[in-house]
Structure formats: structure tokens, C-alpha cells
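Produce the complete structure using the sequences and hints provided.
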Amino acid sequence: MFGLIKTWKALEAKGIMGINRRNADYVLKYNKRNLYPIVDDKIITKERAIEAGIDVPEMYGVIETEKDIDKLKDIVKDHVDFVVKPAQGAGGDGILVIADRFEGRYRTVSGKIMTHDEIEHQISNILTGLYSLGGHRDRALIEYRVTPDPIFKSISYEGVPDIRIIVLMGYPVMAMLRLPTRQSGGKANLHQGAIGVGVDLATGITLRGTWLNNKIAKHPDTTNAVDSVQLPNWDGFMKLAAGCYELCGLGYIGVDMVLDQDKGPLILELNARPGLNIQIANDCGLTHRTHAVENRLEELKKKGIQETPEERVRFAQDLFGHIPPHA
1 MFGLIKTWKA LEAKGIMGIN RRNADYVLKY NKRNLYPIVD DKIITKERAI EAGIDVPEMY
61 GVIETEKDID KLKDIVKDHV DFVVKPAQGA GGDGILVIAD RFEGRYRTVS GKIMTHDEIE
121 HQISNILTGL YSLGGHRDRA LIEYRVTPDP IFKSISYEGV PDIRIIVLMG YPVMAMLRLP
181 TRQSGGKANL HQGAIGVGVD LATGITLRGT WLNNKIAKHP DTTNAVDSVQ LPNWDGFMKL
241 AAGCYELCGL GYIGVDMVLD QDKGPLILEL NARPGLNIQI ANDCGLTHRT HAVENRLEEL
301 KKKGIQETPE ERVRFAQDLF GHIPPHA
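Using full-length UniProt numbering, the letters of the sequence shown correspond one by one to residues 1 to 327.
Derived by calculation from the structure, the hints in this document are not laboratory data.
It should be emphasised that the depicted structure is a prediction, and the values quoted were computed from it without experimental measurement.
Ideal Cβ placement from N, Cα and C applies to all residues, glycine included.
Careful, some of the hints might be misleading.
To be verified - Keeping only pairs whose Cα atoms sit at most 25 angstroms apart, straight-line, the calculated DSS-like set for lysine-lysine is: (1) LYS77 - LYS112; (2) LYS239 - LYS303; (3) LYS218 - LYS29; (4) LYS263 - LYS77; (5) LYS218 - LYS153; (6) LYS112 - LYS153; (7) LYS302 - LYS32; (8) LYS153 - LYS215; (9) LYS112 - LYS73; (10) LYS29 - LYS301; (11) LYS32 - LYS263; (12) LYS301 - LYS239; (13) LYS302 - LYS29; (14) LYS32 - LYS153; (15) LYS215 - LYS14; (16) LYS29 - LYS239; (17) LYS14 - LYS29; (18) LYS263 - LYS239; (19) LYS14 - LYS71.
Said to hold, decoys possible - Beta-carbon label-pair distances, calculated as ranges: (20) LYS303 - SER124: 49 to 59 angstroms; (21) LEU133 - LEU276: 13 to 23 angstroms; (22) HIS191 - THR147: 17 to 27 angstroms; (23) GLY236 - LYS77: 27 to 37 angstroms; (24) LYS301 - GLU118: 50 to 60 angstroms; (25) THR65 - LEU133: 12 to 22 angstroms; (26) LYS71 - GLY91: 23 to 33 angstroms; (27) ALA217 - GLU118: 35 to 45 angstroms; (28) GLU120 - HIS191: 23 to 33 angstroms; (29) GLY91 - PRO232: 21 to 31 angstroms; (30) LYS71 - ASN233: 17 to 27 angstroms; (31) GLY91 - GLY264: 23 to 33 angstroms.
Structure, rendered in C-alpha cells:
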């Protein structure tokens with residue numbers, strides 16, 4: 001019993017945020033329920049982002065009903081590769097990534113050959129709500145397939161690495177790079193076996209990684225070091241993430257982004273209940289950082305000041321960065 005109290009106090013001192021604190025002090029406090037559809041539905045998120053001039057993977061088409069499935073051939077006829085996603089999916093489930101065509105069939109990113117009927121069946125499953133939050137009927141989104149920047153080649157296995165930035169009231173507070181592995185089936189999902197690597201907010205240089213909740217220094221498949229990698233266009237990622245507060249109105253979110261080799265930083269999706277593994281990847285607790293942002297907001301409120309996304313990024317980088325960006 002005393003050992004548990006000691007452990008809890010040690011975690012508290014490090015500012016480690018638990019699920020209860022996240023839900024009570026941040027998700028419930030800063031995220032209005034009526035705004036959840038903006039982030040829970042990828043199609044709505046994408047439409048809002050396009051209206052705001054924020055870069056996202058191009059949407060080729062939407063399938064809403066069983067009857068609409070017949071439109072699939074027309075939607076993908078000009079695209080050799082594409083991605084099929086449930087609009088309200090969670091955890092990467094139900095996503096189908098087509099990388100190529102083969103003899104009138106489709107080749108997935110993992111090399112599996114699929115018929116057109118099999119893809120239609122997958123879409124039918126999406127529509128029934130098999131992968132949606134709460135099992136409700138859903139829509140299928142067909143979109144541009146991201147080609148990862150070559151910088152990730154040595155530290156990723158297939159799939160598309162992504163960057164998650166936790167944002168509180170428009171202030172980035174913590175970031176990690178998620179790298180697909182063989183175990184995760186090429187998906188950048190930590191619960192399925194992807195690696196989470198902390199990222200210095202100031203510079204965009206990667207820190208140590210976490211894999212299956214254990215700290216690691218090398219990618220299990222490529223055996224290359226995952227730390228000390230400079231992510232390109234880091235300030236661009238930070239500004240994109242900070243601007244998502246204005247986009248959705250939710251105060252506590254996870255912003256998921258990718259780096260496309262041709263199109264640069266793109267927003268994939270937003271999450272109103274971001275996970276807490278990011279703390280392990282950064283070897284740092286969220287609570288001290290979120291409290292610093294809340295104190296900043298109190299100071300600015302007294303002065304009647306609201307900061308721009310650029311000012312919020314500079315504040316976060318100066319306060320939370322390991323290496324000063326403006327030295």
C-alpha cells in the first residue's frame with residue numbers, strides 16, 4: 001500500500017497525467033460536446049480544414065449508402081493508389097490502403113491482392129458501423145494516399161509515419177512521431193505495435209522512443225536509431241497544430257499530421273481524447289506543461305490579450321523546448 005502511494009507521489013511530482021485527470025480537468029473542461037462531431041467525423045474535419053485553407057490529403061469521394069458503393073469505380077478510376085477510411089473510425093481500424101493495381105485487381109500497401117468486390121465488401125462493413133465509434137452507421141471516405149518523406153525510410157516499416165501534437169487552447173504542449181513496424185502491420189498506431197518517439201518542440205529533433213510501453217533507442221525492424229532525427233519543416237507542423245484550435249473550437253486535442261514527399265505537412269485528423277503514451281515517449285509529464293499554459297492564459301486574460309498561432313508556438317517552443325529555437 002505504502003509502495004503504491006510512493007509511486008503515485010513520484011508520478012505526481014513528474015507531472016504525469018492519468019486518464020481521470022485528463023478526462024476531468026481537460027477533456028470535459030475544454031471540449032464542448034456539441035463540437036465533437038467536427039473531430040470525430042473525418043469528413044467534417046476535412047471540409048472544415050479546406051474552408052480554413054489548411055492542407056489535408058485530397059478527398060476523392062464519399063460513399064454514404066449501399067447504393068453509393070456502385071460509384072467506387074468512377075471515384076478511383078483516375079487514381080492508381082488511394083485510401084479507404086471509415087469517417088468515424090478509431091484506432092486505425094477499417095482503413096484500407098491501396099498502393100498499386102495488378103492484373104485488374106488492387107494491391108494493398110502490405111502486398112495483399114484484392115478484388116474490386118472485396119473492396120466493396122470492406123466499404124459495406126464501414127457503412128454498417130463495424131469500425132465506428134459506438135457502432136453507429138458510418139460513411140466511407142476515399143482519399144489521396146500519402147507518400148512519406150524519404151527522411152523516414154531508415155526508421156519506419158512500410159506504412160506512413162505520423163506526428164501527434166497535443167494542443168491546449170491553441171498552445172502545442174507535447175509532440176511525438178509514430179513509426180509503423182512489422183508488428184503494427186505498417187500502421188502508425190501505438191496500440192497495434194507502432195513506435196512512439198518524443199519530439200523536441202523547439203527544434204523538431206527526435207528523442208528516445210517507446211515501443212509496447214518500453215523505452216527503446218532503435219527501430220525493431222530497421223535497427224536504425226530513432227533519436228536525433230531532424231524532422232523537416234518543424235515550425236510548419238507546429239503552426240498547423242496551433243491553428244487547429246480555431247479550426248474546431250475544441251480546447252484539448254491531439255492533432256495528427258503527416259509529411260508527404262510532394263505536398264509537405266498535411267493534417268490527417270483531430271482527436272478529442274488524445275492518449276497518454278506521449279508522456280512515455282517524451283519521458284516527461286503533461287501536467288506541468290498544461291498548467292504553464294493555463295497560467296499563461298490567466299495572465300493574458302487580465303491584460304485582454306489573445307495570442308496568434310505564431311505567438312502561441314513561440315511561447316511553447318521557448319518554454320517546453322529542450323534546445324532553444326531562437327538562440
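Hint by hint, here is what the structure shows:
no., hint, in the structure
1, LYS77 - LYS112, "20 angstroms, holds"
2, LYS239 - LYS303, "24 angstroms, holds"
3, LYS218 - LYS29, "38 angstroms, violated"
4, LYS263 - LYS77, "22 angstroms, holds"
5, LYS218 - LYS153, "14 angstroms, holds"
6, LYS112 - LYS153, "21 angstroms, holds"
7, LYS302 - LYS32, "24 angstroms, holds"
8, LYS153 - LYS215, "21 angstroms, holds"
9, LYS112 - LYS73, "19 angstroms, holds"
10, LYS29 - LYS301, "17 angstroms, holds"
11, LYS32 - LYS263, "32 angstroms, violated"
12, LYS301 - LYS239, "22 angstroms, holds"
13, LYS302 - LYS29, "20 angstroms, holds"
14, LYS32 - LYS153, "39 angstroms, violated"
15, LYS215 - LYS14, "17 angstroms, holds"
16, LYS29 - LYS239, "24 angstroms, holds"
17, LYS14 - LYS29, "23 angstroms, holds"
18, LYS263 - LYS239, "16 angstroms, holds"
19, LYS14 - LYS71, "53 angstroms, violated"
20, LYS303 - SER124: 49 to 59 angstroms, "56 angstroms, holds"
21, LEU133 - LEU276: 13 to 23 angstroms, "19 angstroms, holds"
22, HIS191 - THR147: 17 to 27 angstroms, "25 angstroms, holds"
23, GLY236 - LYS77: 27 to 37 angstroms, "33 angstroms, holds"
24, LYS301 - GLU118: 50 to 60 angstroms, "55 angstroms, holds"
25, THR65 - LEU133: 12 to 22 angstroms, "20 angstroms, holds"
26, LYS71 - GLY91: 23 to 33 angstroms, "27 angstroms, holds"
27, ALA217 - GLU118: 35 to 45 angstroms, "40 angstroms, holds"
28, GLU120 - HIS191: 23 to 33 angstroms, "28 angstroms, holds"
29, GLY91 - PRO232: 21 to 31 angstroms, "28 angstroms, holds"
30, LYS71 - ASN233: 17 to 27 angstroms, "36 angstroms, violated"
31, GLY91 - GLY264: 23 to 33 angstroms, "26 angstroms, holds"
The earlier numbered hints that this structure contradicts are 3, 11, 14, 19, 30.
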